[in-house]
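**Q** Quick mapping for you: the protein sequence lines, in order, are chains A, B and C. For the first sequence, counting from 1, position 167 maps to 166 in numbering that gives the first Met the number 0; every step adds exactly one. For the second sequence, counting from 1, position 339 maps to 338 in numbering that gives the first Met the number 0; every step adds exactly one. For the third sequence, counting from 1, position 171 maps to 170 in numbering that gives the first Met the number 0; every step adds exactly one.
For the record, the hints were derived by calculation from the structure and aren't laboratory data. Glycine is no exception: its CB is placed at the ideal position from the N, C-alpha and C atoms. Some hints could be false.
Covered stretches of chain C, going by a simulated chain B footprint (3 or more residues, C-beta under 8 Å) [stated by the list, open to error]:
#1 26-36
#2 83-93
#3 104-110
#4 129-136
In silico EDC-like links for lysine to aspartate or glutamate, alpha-carbon gap of 16 Å or less [to be verified]:
#5 B:K112 to A:E159
#6 C:K205 to A:E123
#7 A:K131 to C:D194
#8 B:K75 to A:E167
#9 B:K112 to A:E123
#10 C:K166 to A:D206
#11 B:K186 to C:E81
#12 A:K131 to C:E81
#13 C:K101 to B:E191
#14 B:K112 to A:D206
Each chain is listed here by its residues.
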Amino acid sequence: MPLSTQSQGEDEQYVLVASLDHARNLSNILKAITFKDHAIFNATPNGLKVTVEDSKCLQANAFIQSKIFQEFTIKEDMVGFQVNLTVLLDCLNIFGGSTTPGVSTALRMCYKGYGYPLTLFLEEGGVVTVCKINTQEPEEPVDFEFCSTNVTNKVILQSESLKEAFSELDMTSEVLQITMSPSQPYFRLSTFGNSGNAHYDYPKDSDMMELFKCTKTQTNRYKMSLLKPSTKALALSCKVSVRTDSRGFLSLQYLVRNDDGQICFVEYYCCPDEDVAED
Amino acid sequence: MDCVVTGGNVKVLAKAIHSLSRIGDELYVEPQEDGLALRSVNSSRSAYACFLFAPLFFSRYTIPSGPAFRCKMAIKSVQAVFRSLATLEKTVEKCHIELDEQKNRLTFTLHCKHGLMKTHNLSFQDSESLQAVFDKDSYANVFRSHPRLLVDTVVHFSPSLEEVTVSVSDDQMWVKNHVEDEADRSKAMLTELCLASDEFDNFSVQVHNSVTFCLKELRGLLVFAESTGLPISMYFDEPGRPVVLSVTDSVLEGNFVLATLSDDTDQRKNNTKRARTTPPPAPDDFMNDDMDSYLIAMDTSIMPGPSASRPPSPPLVNSTCLNHTAAANHRTRLHSEEEDEEEETVDSCGPPNKKFCSLFFGSVLPPSSQMTTQPLTGQEVLASDSEDDVQ
Amino acid sequence: MKFRGKIMDVACLNHFTRVITTISKLTKMCVLRLTPDNLFFVLSGKVANGGVSMWCELSQENFFDEFQMEGVSPEDNEICLEVTPENLSRALKTVQNAKAVKLKLTKKHCPCLTIAAELPTLSSVSRIVTHDVPVDVIPRRLWHEFKEPSMPDFDVSIYLPPLKTMKNVVDRMKNLSNFLVMEANLNGEMNLKIDTDLVSVTTHFKDLGNPPWGDEASQDRGPSQIRDPDAMAQTRVDIRKLQQFLMGQQVNPSKAMCNIVHERVVHLILLHEDVSLQYFIPAVA
Numbered sequence: 000m001p002l003s004t005q006s007q008g009e010d011e012q013y014v015l016v017a018s019l020d021h022a023r024n025l026s027n028i029l030k031a032i033t034f035k036d037h038a039i040f041n042a043t044p045n046g047l048k049v050t051v052e053d054s055k056c057l058q059a060n061a062f063i064q065s066k067i068f069q070e071f072t073i074k075e076d077m078v079g080f081q082v083n084l085t086v087l088l089d090c091l092n093i094f095g096g097s098t099t100p101g102v103s104t105a106l107r108m109c110y111k112g113y114g115y116p117l118t119l120f121l122e123e124g125g126v127v128t129v130c131k132i133n134t135q136e137p138e139e140p141v142d143f144e145f146c147s148t149n150v151t152n153k154v155i156l157q158s159e160s161l162k163e164a165f166s167e168l169d170m171t172s173e174v175l176q177i178t179m180s181p182s183q184p185y186f187r188l189s190t191f192g193n194s195g196n197a198h199y200d201y202p203k204d205s206d207m208m209e210l211f212k213c214t215k216t217q218t219n220r221y222k223m224s225l226l227k228p229s230t231k232a233l234a235l236s237c238k239v240s241v242r243t244d245s246r247g248f249l250s251l252q253y254l255v256r257n258d259d260g261q262i263c264f265v266e267y268y269c270c271p272d273e274d275v276a277e278d
Numbered sequence: 000m001d002c003v004v005t006g007g008n009v010k011v012l013a014k015a016i017h018s019l020s021r022i023g024d025e026l027y028v029e030p031q032e033d034g035l036a037l038r039s040v041n042s043s044r045s046a047y048a049c050f051l052f053a054p055l056f057f058s059r060y061t062i063p064s065g066p067a068f069r070c071k072m073a074i075k076s077v078q079a080v081f082r083s084l085a086t087l088e089k090t091v092e093k094c095h096i097e098l099d100e101q102k103n104r105l106t107f108t109l110h111c112k113h114g115l116m117k118t119h120n121l122s123f124q125d126s127e128s129l130q131a132v133f134d135k136d137s138y139a140n141v142f143r144s145h146p147r148l149l150v151d152t153v154v155h156f157s158p159s160l161e162e163v164t165v166s167v168s169d170d171q172m173w174v175k176n177h178v179e180d181e182a183d184r185s186k187a188m189l190t191e192l193c194l195a196s197d198e199f200d201n202f203s204v205q206v207h208n209s210v211t212f213c214l215k216e217l218r219g220l221l222v223f224a225e226s227t228g229l230p231i232s233m234y235f236d237e238p239g240r241p242v243v244l245s246v247t248d249s250v251l252e253g254n255f256v257l258a259t260l261s262d263d264t265d266q267r268k269n270n271t272k273r274a275r276t277t278p279p280p281a282p283d284d285f286m287n288d289d290m291d292s293y294l295i296a297m298d299t300s301i302m303p304g305p306s307a308s309r310p311p312s313p314p315l316v317n318s319t320c321l322n323h324t325a326a327a328n329h330r331t332r333l334h335s336e337e338e339d340e341e342e343e344t345v346d347s348c349g350p351p352n353k354k355f356c357s358l359f360f361g362s363v364l365p366p367s368s369q370m371t372t373q374p375l376t377g378q379e380v381l382a383s384d385s386e387d388d389v390q
Numbered sequence: 000m001k002f003r004g005k006i007m008d009v010a011c012l013n014h015f016t017r018v019i020t021t022i023s024k025l026t027k028m029c030v031l032r033l034t035p036d037n038l039f040f041v042l043s044g045k046v047a048n049g050g051v052s053m054w055c056e057l058s059q060e061n062f063f064d065e066f067q068m069e070g071v072s073p074e075d076n077e078i079c080l081e082v083t084p085e086n087l088s089r090a091l092k093t094v095q096n097a098k099a100v101k102l103k104l105t106k107k108h109c110p111c112l113t114i115a116a117e118l119p120t121l122s123s124v125s126r127i128v129t130h131d132v133p134v135d136v137i138p139r140r141l142w143h144e145f146k147e148p149s150m151p152d153f154d155v156s157i158y159l160p161p162l163k164t165m166k167n168v169v170d171r172m173k174n175l176s177n178f179l180v181m182e183a184n185l186n187g188e189m190n191l192k193i194d195t196d197l198v199s200v201t202t203h204f205k206d207l208g209n210p211p212w213g214d215e216a217s218q219d220r221g222p223s224q225i226r227d228p229d230a231m232a233q234t235r236v237d238i239r240k241l242q243q244f245l246m247g248q249q250v251n252p253s254k255a256m257c258n259i260v261h262e263r264v265v266h267l268i269l270l271h272e273d274v275s276l277q278y279f280i281p282a283v284a
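The shape of chain A in the complex, shown without the other chains:
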């Protein structure tokens, strides 16, 4: 494979080298969190964490463990940089990003450290593309202080059923309201749009509901514009966990299985909308 014929000397300059036989195992996951141009990359020996934020109210993280990669070499405890995510995705998909069986794009991602561009070597069918993407100093991601001990309500649903609801959400509604309760309506998504309101109710005994642990009735509203991008993550996932804590903060965690059957996680954190008073 042409990509592995790089000289030893060059390799020694890189603080991070990550290789994949199928570039789409990275690009697909990144698509799930692409709602802003910039992403913060944080690499540790455990793997890669990519973070995208919106106005300090929404944060999405994608986790790709080091064992997903065919090669993952890191020379420091932590390597961080910021890069334009849409540019990165265009590069990862330079050969078209289609999934023709038998055809795959191999990727070698290399980084020399602060001040250097992120270098990608992509190969498909003997054709090699080299991309050098400028990097910036990474911003510090917001800590939403969401911890499992503070969780009041939690459900795990099969993504199938939630996908339908999310794709039909009334976009004229400024908020998405989530009600979780030990009693009726159990789990409800509501919108308040121009022509009226709509409710999507999931009963606790639905066969789509894998776990139902609600301790008290909570209704929280979140800005629709912030949550709508999570639809992409939902589309890729097979299961999703929805949790709220005592402050009304929302955590959505998606289990994504890639084409090779390996598991990655995507999570979204969102603050409740304070502008709106509850009915």
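Add chains B and C to chain A, keeping to what the hints say.
**A** Relative to the frame of chain A, chains B and C by itself:
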């Protein structure tokens, strides 16, 4: 009002609503004793459609007691309830439609698989009744065919095409696109095709006519008919009188009424039982397609002489006559059988040769005339509607 | 001036339609030249099209079962028309199942190319659909503008990589930059490059092969001017023009090559069995 639609009928209802959305922006809902009527009209009142679902279409059908209830709402909101037809088929078990008169809301509840319930509370406005006046039995020309025939015909015309002209003789129907402006005509592509009477299930012509109407609005009906496989019946006669297209089965009836171009000059020619004015396709004689006179004209820089086999048509008053708001002229137009007595359209700059006839609407004001009506004030009260009954 | 052609073979109709559709994706309007043996679709490089020019040649007997024409005069036995290929494409696309399709020059409300198709029906009679596509006749004094372009004095001639791969890469590059550099050498190597403030991307194609006339051209220059096989000839072009060319291709050509005149023009040549297409993209500063 309390109705329940189950199984495959949910999809049929959804399709009818999507079909109506091609006509107008608002859905008029009227639960009647003979069934639930869903109607729509376009802003210039030149296209109207109505679907009537008989009580047997529903697994439960209860209408409000007391005075007749009518309302209207943004059709987009109702479409949102039935957004994905594919999903509907797979997951919706039944659809419950309930009226909440106190809160002025119509509630659509979809009971889906896996226990999921989708509830849409849509607000509505009171409205007057909306019914076009037409009597299918009185039309001179009646046709019926499988929707595929019309779909196959319409495919030859550009999706953005506005108007078509349909002409008939005893055993043939010609369909061609209609181009309004003189200016456009030199650039526009002209398409024409001919259908034989034996391609129809029924082809009954009493008057050889030509009518021009808007194709765009018809496409909504075609999509509905094609997916349900119901034959389409078409009724028309003189230009100016609306063309009616309809689909029927035992539990529903859909009628699309489209205004047609009224052309005084063409009308006189067409109102006789003769061969149509547009000649049939020229015999395949190569010599007929002689370009030389045109070429000579170009070389000597003289304007080309009158060409074309068709007489030049007088310019139209409005290039978008069919969409012209005719509300202002309704007062004198309603129920007028003499089209020549119509008031001139607002933007006329001389006696128009071609006029568009708006549909004639029946407008029955509610018994308590205290109710605020819509911008349709100015419509006069009419005696009765002449819509066909179901079946 | 008369023209009448008839296509009766389904495959020929399909192929003809695809050629016209390709042309329609390359340009809104072009010139159609009809001669007894050929049809030419021509776009002459004007500032209005961003300087691109196109020459597409079809041998009529590979498409038409019947073909009769009489040009402007016996000496100038040719017809030259300005057409909107999209109209032709649209008309042809809906009649792919026709038993026969006739193309005629007619005079309706204005000069037209009339497409008349005979469609099968369930009834006893065939359905005839006619489309009258307005055209403008180009007078003889302007014909010199639409002559076959001569092969430029290129620096490098090379076979193109698979068009699909080129298209995928150019599509993505277009998201990143407005301009692209095409470079190639006589060693069968070609690179597509973009370079902006945010990112630089280079795609390397190897082992493409160079057409034989490449050698002849360097020989003409004499032994002292034999080109270094590794030296790249390059041209910077507007990426949308290249993308437009690649997007339009409906059929895989049997041969695809490109001539590069350093910093001047990219000359793309596609050869099919019965159709040849040449496309010139000028360099941008």
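**Q** Against each hint, give a clear statement of whether it holds in the structure.
**A** Structure-based check of each hint:
1. Here the segment 26-36 of chain C counts 0 residues with a CB under 8 Å from a CB of chain B, which misses the bar of 3, and the coverage is violated.
2. With 4 residues carrying a beta carbon less than 8 Å from a beta carbon of chain B, the segment 83-93 of chain C meets the three-residue requirement, and the given coverage holds.
3. Coverage of the segment 104-110 of chain C by chain B holds [criterion: at least 3 residues with CB-CB distance below 8 Å; count 7].
4. Given a C-beta distance limit of less than 8 Å, the hint that chain B covers the segment 129-136 of chain C holds, as 6 residues qualify and 3 suffice.
5. Using a Cα cut-off of 16 Å, the hinted pair K112 of chain B and E159 of chain A holds, with the two alpha carbons roughly 12 Å apart.
6. Taken as a hint, the K205 of chain C and E123 of chain A pair is honoured in the structure, with Cα atoms around 12 Å apart against an allowance of 16 Å.
7. Distance restraint check for K131 of chain A and D194 of chain C: the Cα-Cα separation of roughly 9 Å lies within the 16 Å cut-off, and the hinted pair is therefore satisfied.
8. Simply put, K75 of chain B and E167 of chain A have alpha-carbon atoms about 13 Å apart, close enough for the 16 Å limit, and the pair holds.
9. For the suggested pair K112 of chain B and E123 of chain A, the alpha carbons sit about 43 Å apart, so the restraint of at most 16 Å is broken.
10. About 46 Å separates the Cα atoms of K166 of chain C and D206 of chain A, which puts this hinted pair outside 16 Å; it is violated.
11. Simply put, K186 of chain B and E81 of chain C have alpha-carbon atoms about 12 Å apart, close enough for the 16 Å limit, and the pair holds.
12. The hinted pair formed by K131 of chain A and E81 of chain C fails the criterion: a straight-line CA distance of about 46 Å is larger than 16 Å.
13. Our distance criterion of 16 Å between C-alpha atoms is met by K101 of chain C and E191 of chain B, whose separation comes to about 14 Å.
14. Restraint check for K112 of chain B and D206 of chain A: the C-alpha separation of about 9 Å stays at or below 16 Å, so the hint holds.
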